[in-house]
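S.K.: Below, each chain spelled out in residue letters.
Number of protein chains: 2
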Amino acid sequence: MKRYEEIAEVIAADIRNGRLTPGSKLPSIRKIITQHGVSPATAFQAYYQLEQRGLVRARERSGYYVAGTAHPIPHEPARSATPRLTSKVDISELVFAVLSAAKDRNMVQFGSAFPSPRLFPLQRLAKSVTRTARFIDPWDTVASLPPGNAALRRQIELRYLALAAPQPVDEIVITTGALEALNLCLLAVAKPGDLVAIESPGFYAAGQALERLGMKAIEIPVHPSEGLDLAALADAMKRHPIKACWFMTTFQNPMGATMSEAAKRELVALLAKHDIPLIEDDVYAELYFGKHAPLPAKAFDTRGLVMHCGSFSKSLAPGYRIGWVAGGRFSERIERLKLMTTLSASVPAQVAIADYLQTGGYDKHLRKLRHALETQLTQLRTALSQHFPPDIRLSRPEGGYFLWVEFSDSFNALDLHRRAADAGISLAPGPIFSPSRQYRHCIRLNYGWPWTDAHTSAIRELGTLTC
Amino acid sequence: MKRYEEIAEVIAADIRNGRLTPGSKLPSIRKIITQHGVSPATAFQAYYQLEQRGLVRARERSGYYVAGTAHPIPHEPARSATPRLTSKVDISELVFAVLSAAKDRNMVQFGSAFPSPRLFPLQRLAKSVTRTARFIDPWDTVASLPPGNAALRRQIELRYLALAAPQPVDEIVITTGALEALNLCLLAVAKPGDLVAIESPGFYAAGQALERLGMKAIEIPVHPSEGLDLAALADAMKRHPIKACWFMTTFQNPMGATMSEAAKRELVALLAKHDIPLIEDDVYAELYFGKHAPLPAKAFDTRGLVMHCGSFSKSLAPGYRIGWVAGGRFSERIERLKLMTTLSASVPAQVAIADYLQTGGYDKHLRKLRHALETQLTQLRTALSQHFPPDIRLSRPEGGYFLWVEFSDSFNALDLHRRAADAGISLAPGPIFSPSRQYRHCIRLNYGWPWTDAHTSAIRELGTLTC
Numbered sequence: 001m002k003r004y005e006e007i008a009e010v011i012a013a014d015i016r017n018g019r020l021t022p023g024s025k026l027p028s029i030r031k032i033i034t035q036h037g038v039s040p041a042t043a044f045q046a047y048y049q050l051e052q053r054g055l056v057r058a059r060e061r062s063g064y065y066v067a068g069t070a071h072p073i074p075h076e077p078a079r080s081a082t083p084r085l086t087s088k089v090d091i092s093e094l095v096f097a098v099l100s101a102a103k104d105r106n107m108v109q110f111g112s113a114f115p116s117p118r119l120f121p122l123q124r125l126a127k128s129v130t131r132t133a134r135f136i137d138p139w140d141t142v143a144s145l146p147p148g149n150a151a152l153r154r155q156i157e158l159r160y161l162a163l164a165a166p167q168p169v170d171e172i173v174i175t176t177g178a179l180e181a182l183n184l185c186l187l188a189v190a191k192p193g194d195l196v197a198i199e200s201p202g203f204y205a206a207g208q209a210l211e212r213l214g215m216k217a218i219e220i221p222v223h224p225s226e227g228l229d230l231a232a233l234a235d236a237m238k239r240h241p242i243k244a245c246w247f248m249t250t251f252q253n254p255m256g257a258t259m260s261e262a263a264k265r266e267l268v269a270l271l272a273k274h275d276i277p278l279i280e281d282d283v284y285a286e287l288y289f290g291k292h293a294p295l296p297a298k299a300f301d302t303r304g305l306v307m308h309c310g311s312f313s314k315s316l317a318p319g320y321r322i323g324w325v326a327g328g329r330f331s332e333r334i335e336r337l338k339l340m341t342t343l344s345a346s347v348p349a350q351v352a353i354a355d356y357l358q359t360g361g362y363d364k365h366l367r368k369l370r371h372a373l374e375t376q377l378t379q380l381r382t383a384l385s386q387h388f389p390p391d392i393r394l395s396r397p398e399g400g401y402f403l404w405v406e407f408s409d410s411f412n413a414l415d416l417h418r419r420a421a422d423a424g425i426s427l428a429p430g431p432i433f434s435p436s437r438q439y440r441h442c443i444r445l446n447y448g449w450p451w452t453d454a455h456t457s458a459i460r461e462l463g464t465l466t467c
Numbered sequence: 001m002k003r004y005e006e007i008a009e010v011i012a013a014d015i016r017n018g019r020l021t022p023g024s025k026l027p028s029i030r031k032i033i034t035q036h037g038v039s040p041a042t043a044f045q046a047y048y049q050l051e052q053r054g055l056v057r058a059r060e061r062s063g064y065y066v067a068g069t070a071h072p073i074p075h076e077p078a079r080s081a082t083p084r085l086t087s088k089v090d091i092s093e094l095v096f097a098v099l100s101a102a103k104d105r106n107m108v109q110f111g112s113a114f115p116s117p118r119l120f121p122l123q124r125l126a127k128s129v130t131r132t133a134r135f136i137d138p139w140d141t142v143a144s145l146p147p148g149n150a151a152l153r154r155q156i157e158l159r160y161l162a163l164a165a166p167q168p169v170d171e172i173v174i175t176t177g178a179l180e181a182l183n184l185c186l187l188a189v190a191k192p193g194d195l196v197a198i199e200s201p202g203f204y205a206a207g208q209a210l211e212r213l214g215m216k217a218i219e220i221p222v223h224p225s226e227g228l229d230l231a232a233l234a235d236a237m238k239r240h241p242i243k244a245c246w247f248m249t250t251f252q253n254p255m256g257a258t259m260s261e262a263a264k265r266e267l268v269a270l271l272a273k274h275d276i277p278l279i280e281d282d283v284y285a286e287l288y289f290g291k292h293a294p295l296p297a298k299a300f301d302t303r304g305l306v307m308h309c310g311s312f313s314k315s316l317a318p319g320y321r322i323g324w325v326a327g328g329r330f331s332e333r334i335e336r337l338k339l340m341t342t343l344s345a346s347v348p349a350q351v352a353i354a355d356y357l358q359t360g361g362y363d364k365h366l367r368k369l370r371h372a373l374e375t376q377l378t379q380l381r382t383a384l385s386q387h388f389p390p391d392i393r394l395s396r397p398e399g400g401y402f403l404w405v406e407f408s409d410s411f412n413a414l415d416l417h418r419r420a421a422d423a424g425i426s427l428a429p430g431p432i433f434s435p436s437r438q439y440r441h442c443i444r445l446n447y448g449w450p451w452t453d454a455h456t457s458a459i460r461e462l463g464t465l466t467c
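Top to bottom, those sequences are chains F and P.
Note that the first sequence covers residues 1 to 467 in this note's numbering.
Note that the second sequence covers residues 1 to 467 in this note's numbering.
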């Protein structure tokens, strides 16, 4: 990281965590020079980069300001109160309504689970597809059976190495996206009737999987910036026969929360103490706004208890359906379950992604993608502060592309969801993130789409509907 | 079909069903001319085509003979005796040993579940992959979510129309291969503890799925040429609370049996009477050796009880992992289960296959593929009649690429499997096709690979091991 990038990052972090509020004045160029001991060129470059990222605006003869108008920064949302035990999980039509809206080109996609496909290097990927399809070895169709294409697994192994969280390549199993990885992990460690700890609020697919397989859920509260409530988890582990956990420890969906490294260590120690496996959903791992990639809980796992699930769907190749799991002691069982359920991941997609990772400039693309998402977050926050009620609470994600909005207790997100859909705007209402249907006063907004006037209008429209 | 093709087909059918035995003399050209009222050129062309297919050999100044040496044609295998109820399904390591041998390039692949990848138009497919990848609409990654890519589903709809078994396009769901389709269908119609009727012998994945999901199996016997024992099924339906059936009605794996159209009608009537859904595995549908594609049971289903599962893996694009299900009244439930488990099938593979079906000459490729498989069947039967004990019984498949071999009762197929593996030859031992571990005296042989000297040597070696 260059010096000007470091300075820009310090300021960007202060904007994200709310120490610098929208509209407030930033240190002068002179101050940056003396404070950081850098040349004027470096100071200008730092601000130039922040401007490019949409975080900062220059005003002629006045200096630099945090983007957005001067509104008080909203508080963080509250966390849910106590673990809830749900004997039978009941997932409503609502999840499918939200998913199906994602296919409607005319909707403003604040409810979508996906970032805009236009943020991805589809043309460059097509080159890899073309090159590898033309010279495909017929034997590859067999050799790419689970655990999966060897070149692709090697590339994933290298990325774990670069992260300083090395994983044995023979524990890496390629899957049809991370969603399959998560489902196979669950099948590998729990059976019908078992109790599984999930997050509240949390990814609806976890609740759906438990419902489908006749398992029971215990909901563990999530704090909007600190992530999973470890004390609540420890208590639940003492009092209930929990067979497995399914958590997102980084850029949690829907809250955007990230557990600290210390908390992740503590989580892994807690798992080890009770010998409980963790299914770690880490699909937004590459979408961090800070200086460094956060380490997953898996990095602290010495006993093979953590199954770390990743994907290229959110960072490189949406629709290719290539994910993986570093399965620890469960990797062979997962590999066999894969063979029994969908046989293998699509071979042209596996070999094309392996080729791209070797030659395509993945890290350069990722830097662009992260900046785009961070800019869009600022744009969304700015629009919200202008058009939404002043008493809303907003999460402060450090990565990913979801913002969690909490209204006053009496607010009805299901009602807003319906009325927004009529106005051509999708959003994800809070109750879909909880099997016990909490969070009726919350919504999740997607900022994974390049900001347009339509987005500004949609937020204004939503603002009217919320009043 | 041209006149000479029709004549060739009449003779080919008589060879397949054993009316014409290996080594026996065929009617003279003159006889063909008078019998069928055709020109000499047409008669010659018929025999020329049969020679090309490896079914017939010309001997100079002597005429035409059925390929293979004059051995008595083996009897058909016996069918298993009575339905067996298996309260808990226990699938052994053996299935995985057989699957993993398929990845070993040095093995002679008589045990593989797949045909040789060299039989498929991978180069022509690569053209479709290249063309579609280059012009991919980013929105396709979202628009190809379940039920799946519209162009591909339209092409599948057209093939059902051409078969005279039309299916509503909105009931067609694209899946990650047929294996996923089968598993999703099972999830759609049964839950843990439910009793499901499967075939004996039958596809091991059915038993594995029941085991994984905590369901119970009842094994219904299969006759080697007539297919499923309908009387046994009717009786089982009366006596047990069967929740669903999972059957292959055409080119059944492992026996190769095909139910007649009348039997399929009767099966559908039986299902309707008890209101029991059928998961119809029809992955070998396109690999028929006769004049016409056999109709699936689905063709007679007027109540939406049959879920018809197909695939391109065995007929066009191995490794692409594109299958589908025409799900009848369960199609929406299946679509949702797909969304919840693997989200969607790989998009580059979906759009490439849709493009190939529109432009690639699928039917021409299929004619070549069918001829290749039929030729290879003859080559395998010939080698078996030369090198195997004379008292073996062989199935008489009319399509697909599996031959079922039954030895005397005392024979131990598991022992042969081990010793063959040591000699670099894979085969599928009978017990993997039955949750109750019957068929210890049977093996399944794959004739999906172009015949080479290595195959002849391997059959000779197996012959030695069986004596």
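These aren't lab readings, by the way, just hints derived from the structure by calculation.
Heads up, a few of these hints could be off.
A pair counts as met if it fits within one copy or between any two copies, since identical chains are not told apart.
To be verified - No more than 30 angstroms apart at the CA atoms, straight line, and that leaves these computed lysine-lysine pairs for DSSO-like:
hint, residue 1, residue 2
1, Lys127, Lys103
2, Lys2, Lys25
3, Lys364, Lys291
4, Lys191, Lys243
5, Lys368, Lys2
6, Lys273, Lys243
7, Lys2, Lys364
8, Lys25, Lys103
9, Lys191, Lys25
S.K.: The structure should be examined with respect to each hint, and the outcome stated for every one.
M.R.: Verification of the supplied hints:
1. Lys127 - Lys103: For Lys127 and Lys103, the Cα distance is within 30 angstroms both inside one copy (26 angstroms) and across copies (28 angstroms).
2. Lys2 - Lys25: Within one copy only: 24 angstroms inside, 85 angstroms across.
3. Lys364 - Lys291: Within one copy, since 15 angstroms is at most 30 angstroms while 57 angstroms is not.
4. Lys191 - Lys243: Intra 9 angstroms, inter 21 angstroms, cutoff 30 angstroms: intra and inter.
5. Lys368 - Lys2: Within one copy only: 16 angstroms inside a chain, 61 angstroms across chains, cut-off 30 angstroms.
6. Lys273 - Lys243: within (13 angstroms within a copy, 42 angstroms between copies)
7. Lys2 - Lys364: within (15 angstroms within a copy, 60 angstroms between copies)
8. Lys25 - Lys103: neither (42 angstroms within a copy, 64 angstroms between copies)
9. Lys191 - Lys25: neither (57 angstroms within a copy, 62 angstroms between copies)
The structure fails to meet hints 8, 9 from the earlier list, while all remaining hints are met.
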